[in-house]
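Engineer: As you go down the protein sequences, you meet chains A and B in turn. For the first sequence, the positions run 3 to 575 when this note's numbering is used. For the second sequence, the positions run 159 to 276 when this note's numbering is used.
Since the hints were made in silico from the structure, they are not lab data. If a hint is listed, it holds; no wrong ones were tucked in.
Simulated crosslink set (DSBU-like; lysine-lysine; CA at most 30 Å straight-line):
hint, chain 1, residue 1, chain 2, residue 2
1, A, K17, B, K259
2, B, K252, A, K27
3, A, K454, A, K65
4, A, K568, A, K455
5, B, K252, A, K40
6, A, K17, B, K252
7, B, K252, A, K46
8, B, K259, A, K27
9, B, K259, B, K273
10, A, K455, B, K190
11, A, K37, B, K252
12, B, K252, A, K119
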Amino acid sequence: MRYSHYLAQTNVSYKTVSYNMLTPKPVDGDPNALKPRKINVTFKSAVDLLGPYSYVRIMDQIKAVVPLALYLILFQVLVLRQPIDAAASLAVGLAAVIVGLAVFMEGLSTGLMPFGKIIGDNLPKKASMTVVYIIIGILGVGVTFAEPAIGALQAFGASVDVKKAPYLYELLNNWTMPLVLMVGAGVGLAAILGTVRFVKGWSLKPMIYLALTPVALLSLYAWSDPNLQSILGLAWDCGAVTTGPVTVPLVLSLGIGIANAAGKGNSSLSGFGVVTLASLFPILAVLILSVFVSFTVTPEQIIAAAASAGGSTQTELSIWDQTPLVEIVLGVRAILPLVIFLMFVLFIVLRSTLPNRMVTIYGLTLSILGMCIFNVGLTYGLGAIGSQTGSALPAAFMQLPIVENSPHYPEIVGFVICVGFAFLLGFGSTLAEPALNALGLTVQELTNGAFKKSMLMYSVATGVAVGIALGVAKLIFHLDLMMLLLPLYAIGIIMTFLSTEEFVNVAWDSAGVTTGPVTVPLVLAMGLGLGNAVSAIEGFGILSLASICPIVAVLTMGLVIQMTQKTKVTQES
Amino acid sequence: MAGRNITYLSEANLITCVLQTGLAEGVLDAAKNCGAQGATISYARGTGIRERMGLLGVTIDEQKEVIRIIVSEEQADRVFEAMYLAGGLDTPGKGIMFMTKLDRVATYIPESVLKEIA
Numbered sequence: 003m004r005y006s007h008y009l010a011q012t013n014v015s016y017k018t019v020s021y022n023m024l025t026p027k028p029v030d031g032d033p034n035a036l037k038p039r040k041i042n043v044t045f046k047s048a049v050d051l052l053g054p055y056s057y058v059r060i061m062d063q064i065k066a067v068v069p070l071a072l073y074l075i076l077f078q079v080l081v082l083r084q085p086i087d088a089a090a091s092l093a094v095g096l097a098a099v100i101v102g103l104a105v106f107m108e109g110l111s112t113g114l115m116p117f118g119k120i121i122g123d124n125l126p127k128k129a130s131m132t133v134v135y136i137i138i139g140i141l142g143v144g145v146t147f148a149e150p151a152i153g154a155l156q157a158f159g160a161s162v163d164v165k166k167a168p169y170l171y172e173l174l175n176n177w178t179m180p181l182v183l184m185v186g187a188g189v190g191l192a193a194i195l196g197t198v199r200f201v202k203g204w205s206l207k208p209m210i211y212l213a214l215t216p217v218a219l220l221s222l223y224a225w226s227d228p229n230l231q232s233i234l235g236l237a238w239d240c241g242a243v244t245t246g247p248v249t250v251p252l253v254l255s256l257g258i259g260i261a262n263a264a265g266k267g268n269s270s271l272s273g274f275g276v277v278t279l280a281s282l283f284p285i286l287a288v289l290i291l292s293v294f295v296s297f298t299v300t301p302e303q304i305i306a307a308a309a310s311a312g313g314s315t316q317t318e319l320s321i322w323d324q325t326p327l328v329e330i331v332l333g334v335r336a337i338l339p340l341v342i343f344l345m346f347v348l349f350i351v352l353r354s355t356l357p358n359r360m361v362t363i364y365g366l367t368l369s370i371l372g373m374c375i376f377n378v379g380l381t382y383g384l385g386a387i388g389s390q391t392g393s394a395l396p397a398a399f400m401q402l403p404i405v406e407n408s409p410h411y412p413e414i415v416g417f418v419i420c421v422g423f424a425f426l427l428g429f430g431s432t433l434a435e436p437a438l439n440a441l442g443l444t445v446q447e448l449t450n451g452a453f454k455k456s457m458l459m460y461s462v463a464t465g466v467a468v469g470i471a472l473g474v475a476k477l478i479f480h481l482d483l484m485m486l487l488l489p490l491y492a493i494g495i496i497m498t499f500l501s502t503e504e505f506v507n508v509a510w511d512s513a514g515v516t517t518g519p520v521t522v523p524l525v526l527a528m529g530l531g532l533g534n535a536v537s538a539i540e541g542f543g544i545l546s547l548a549s550i551c552p553i554v555a556v557l558t559m560g561l562v563i564q565m566t567q568k569t570k571v572t573q574e575s
Numbered sequence: 159m160a161g162r163n164i165t166y167l168s169e170a171n172l173i174t175c176v177l178q179t180g181l182a183e184g185v186l187d188a189a190k191n192c193g194a195q196g197a198t199i200s201y202a203r204g205t206g207i208r209e210r211m212g213l214l215g216v217t218i219d220e221q222k223e224v225i226r227i228i229v230s231e232e233q234a235d236r237v238f239e240a241m242y243l244a245g246g247l248d249t250p251g252k253g254i255m256f257m258t259k260l261d262r263v264a265t266y267i268p269e270s271v272l273k274e275i276a
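Bound conformation, chain A alone (with noise of 0.2 Å):
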């Protein structure tokens, strides 16, 4: 319908009102009579303003949320022929991860962004350099604690089989704070040297060498151990996981801060580089613990004590390990260490206040409640459609006890749906990651036109197709994770040294993006759950192949860019 019909159909009053009527008059020996009055808000005029308000933020979740769930549980119905369990719980934990997404993003742009925007333009006025970067360290740690995707991988710790992977089960169940400090403290190392880079203007190449060299050696170490090696794929993806929605905006807003306030911030690119620092800083961190643990304790004590321990937490569940009080518990633990730590920066270094004190603490609020919401639905939501989808996925070619009539295709027909469905899955959810069209916008300007955003987003969302479907093919046909990796890596590296610094930049960072806060969950739930299904040894992987395919896809995009415009000039020339 046309407005202008709409318009003639309507029926509008009209009424002249003198705003003289409505502004406040000087009244004799009263000086507040002039000042703006506070506001008193009808229960009518509230819900008016509240509909809206959530409206547009829920809808944000559920567009990156449903149609991602109906993919696996459509496939899983139509292809699998598996019906699907436990509906009722699954529909209320997605509900919960899109309400409490919508509710801690919220909570995180009212919250914790500005406090981050205070601490990076005050921080380097009030405090020497020393203090700034020991800050920025401590801040990369509490990031790593608030971030939503870190939940996933402590809650499917308890799924690893102790006996094929003991180092595994030990880092996952009884290691799983130091897990996450290491990984924290890899975080913190990579935000600190990222905003050195800011700061002198270094030039990320270098970096990602020596970075890379570590990392290589000590994953050759743990690859030729055999008890170590199953450890592999979960510090890769850890890598992955770390580069969410708090700690980049977060980070990169204190360094941004601090690069302009240092007066090095002109630069473009300056943004970029800390993603990639973050994730590759981390895999590092937790190779070292593994290392660390092995030396400490032997698989058969592991085994022993899982043996011994698992029949007695079985029966003593206190209230506080129940669901979903855990969750709760959990969500809180996340989000308060960083809003003290912050809290103490602002006003024991600071010295300064609140700027808005009472939205600050409505956010903060909203951050942890969104957190405490979301572990609820990462259990019940998206961590069940994974595993579900993912264990009843080897039915497509080979006997499952749990799915009837399987196999429901011939062997090689199963293998191809099941590569697709996750090139697919891949392809899907990463073009609609909302980080994925701000990053493609930012290259287009960078780049002049040359890299255009579509292209950017097509050649990631590529990247973490084949990254997710080589994952999948790697649990299926028990392929090792190094053999895949190493080369991928190395591939990398030669492009890296053949590419101008823009793209090298871009290139990078552009892994970190694509793992939000609901894309990881559900892969990992779902590799986990694959990886039982046919029996593998762990089910990990699956994120850290994804985060470097795309990272050879773009580096691939600019050299071609870079030939094109090279030939394109010696033509004119």
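On the provided structure of chain A, position chain B as indicated by the hints.
Structural biologist: Frame of chain A; chain B shown alone:
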């Protein structure tokens, strides 16, 4: 150098509409459906009501979109009303709009259009 020519447009009004971010598209559509020729959109930050509402202020986005449309006097009321209704300005927190008379307007006007009205 050839003689250059300026055509002044008279009887023109300017409608300015300050809206919460995200509402501009719908309002623009309504204006164009009622005959508005074009619009300029700029981004701005608003203050005032937000701070005075206490906690409910968070529901109003600080970022604003400002639409400016030059309309002929004949179509002015129609466009103004359409924009008001499309933006839902009769509900709290959406935005504010106003119309001012313009002294003179000048831009490129195609030769053919000028011949047609002459």
